[in-house]
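S.K.: Here is what each chain is made of, one letter per residue.
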Amino acid sequence: MCLGIPGLVTELDPDGGQLASVDVSGAKRRVNIALLADEGVKVGDWVLIHVGFALARLDEEEAHRTIEMLEGMESAYYDELSAMGRSAAEPQAPPERVARQSK
Amino acid sequence: MKFMEEYRDRNKATAVSAAIAELCEPGRRYKLMEVCGGHTYTIYKHGLEYYLPGAVELVHGPGCPVCVIPMGRVDDAISIARQDGVTMACFGDMARVPGSKGSFLRAKAEGADVRVVYSPMDALRIAIEEPARKVVFMAIGFETTAPSTALTLQRAKAMDVPNFSVFCNHVTIIPPLRAILDAPDVDIDGFVGPGHVSAVIGCKPYEVVTKEYNRPLVVSGFEPLDILQSVYMLMRQLASGRCEVENQYSRVVTWEGNPRALQAIEETMEPRPHFEWRGLGSIPLSALKLRDEFARFDAELIYQVPGVRVADPRACQCGQVLRGRLRPWECRVFAKACTPERPIGTCMVSSEGACAAFYNFGRLTRPERLAEARS
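So the sequence lines, in the order shown, correspond to chains A and B.
Take the first sequence: its letter number 51 is residue 107 in the working numbering, and every next letter is one higher.
Take the second sequence: its letter number 273 is residue 279 in the working numbering, and every next letter is one higher.
Hints were generated in silico from the structure; no laboratory data involved.
Hints are supplied without guarantee of correctness; some may be wrong.
Claimed, not checked - Away from chain B, derived, C-beta distances all over 12 Å, residues of chain A:
(1) V87
(2) L92
(3) E95
(4) K98
(5) A119
(6) T122
(7) S131
(8) E136
To be verified - Straight-line Cα separation of at most 20 Å, SDA-like style, residue types lysine to any residue; simulated pairs:
(9) B:K163 - A:G73
(10) B:K342 - B:V316
(11) B:K163 - A:A90
Computed from a predicted structure; not experimentally measured.
Even for Gly, the Cβ is constructed at its ideal location relative to N, Cα and C.
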């Protein structure tokens, strides 16, 4: 849970919502970018993700170096990635949409 | 491993190592504490101690969130998890932390509905998707994870989710540093400051350490060279008699931190008068609880919990390890009764716990090699 994982922003929600699609080590994930609202995050930016939330922006070199280091952590990293996958890679609706559907 | 095996980086590391050695005053010993468990992991994994002169020792601090959770809180959480209709959602590392009567995983084996989640939003989603369950999120972590809990609480409130609550165990990084520095015989010369916590709080709060306690602190990145460079920066300060907060990790960390994240914490949580830390005892204003505006999401108000302070197991010396008094291998149960498979103490649970990191990387040879290097 403590690992910060870099992700490349590939898509922003059209309505300026809190979620973005990111590429994390080749897999598409949904993350919350509300904490970077002041930073004007764009498609093509790298962000550091903690428990599903982007916490800081990274430059590309930093992102690659971090990923390389995380890959060196082997199981600790891959466990985190698979947990992240179970969390957000599913074709999931964000909570507000789930709520609307279930009503 | 890759980094230090690359010739280029090993070369750089050797150069930094030589520069550190040059800064050592003859006859003086230096004890530097790396606060963050992620740094501990890197140090052991890459054998950074071997790049340091014998006079410079790294000790491990209290910055691994699962390591500092006291048994009483684990027991309280498990007692909530065992109640009818409750689903307890927790991070993977947390599931294995031993309470006085076993861990979440054991409670799960005995029938409690415990689910491992990656994000607090997952817990909220379970609550929305399964309205018949009372979903409790076991919130742990420093200022790195507190903003995610904060935003999840705000979302739960905005959506008016009635069956979601948070058992809040968030802690803050400055008070345990104070507690360590307040100890009468503290012998730590400087601190390698945590990276990702600092992405949230910034560098400024560490001025307490430099101004009140007169110890330099360098906020550090996580790569082997980052840590060596941070040690160099600390040694340079010590050599010249400076005492400042410096930022080696300016690639990610700013002086002011992330204002949105701080604001989210501030809006949803407030300091507790006291919180019990594993091995460090009760520390005033060291943890966060939900604000009154979020009382209906506060598991501590919704559920009856024993709330009993439980002493750490007698054999366990995590407290000494977390204060930098004992190295992992000096603990009497290390690798004997206490292993990552069957942890007694929390430092053996998370891969970032000092004992687990040491257990996993070179435990068989390190004490001898270090003794040799220092003789």
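S.K.: Now look at each hint and say whether the structure bears it out.
M.R.: Right, here's what the structure says about each hint:
1. Listed as outside the interface, A:V87 is inconsistent with that label: its C-beta sits roughly 9 Å from the nearest C-beta of chain B, within the 12 Å cut-off.
2. A:L92, annotated as away from the interface, has a beta carbon of chain B within 12 Å; the closest lies near 7 Å.
3. A beta-carbon of chain B comes within 12 Å of the beta-carbon of A:E95; the shortest separation is about 9 Å.
4. A:K98, annotated as away from the interface, keeps every beta carbon of chain B farther than 12 Å; the closest lies near 17 Å.
5. With a minimum CB-CB distance of about 10 Å to chain B, A:A119 fails to clear the 12 Å threshold, and the non-interface call is violated.
6. The claim that A:T122 lies off the interface is violated: its Cβ sits roughly 7 Å from the closest Cβ of chain B, which falls inside the 12 Å cut-off.
7. Remark: the non-interface label on A:S131 conflicts with the geometry, its nearest Cβ contact in chain B lying 8 Å away (cut-off 12 Å).
8. Against the 12 Å criterion, A:E136 falls within the reach of chain B, whose nearest CB is about 8 Å from its own CB.
9. Our distance criterion of 20 Å between C-alpha atoms is met by B:K163 and A:G73, whose separation comes to about 17 Å.
10. About 23 Å separates the Cα atoms of B:K342 and B:V316, which puts this hinted pair outside 20 Å; it is violated.
11. For a cut-off of 20 Å, the pair hint linking B:K163 to A:A90 stands: about 16 Å separates their Cα positions.
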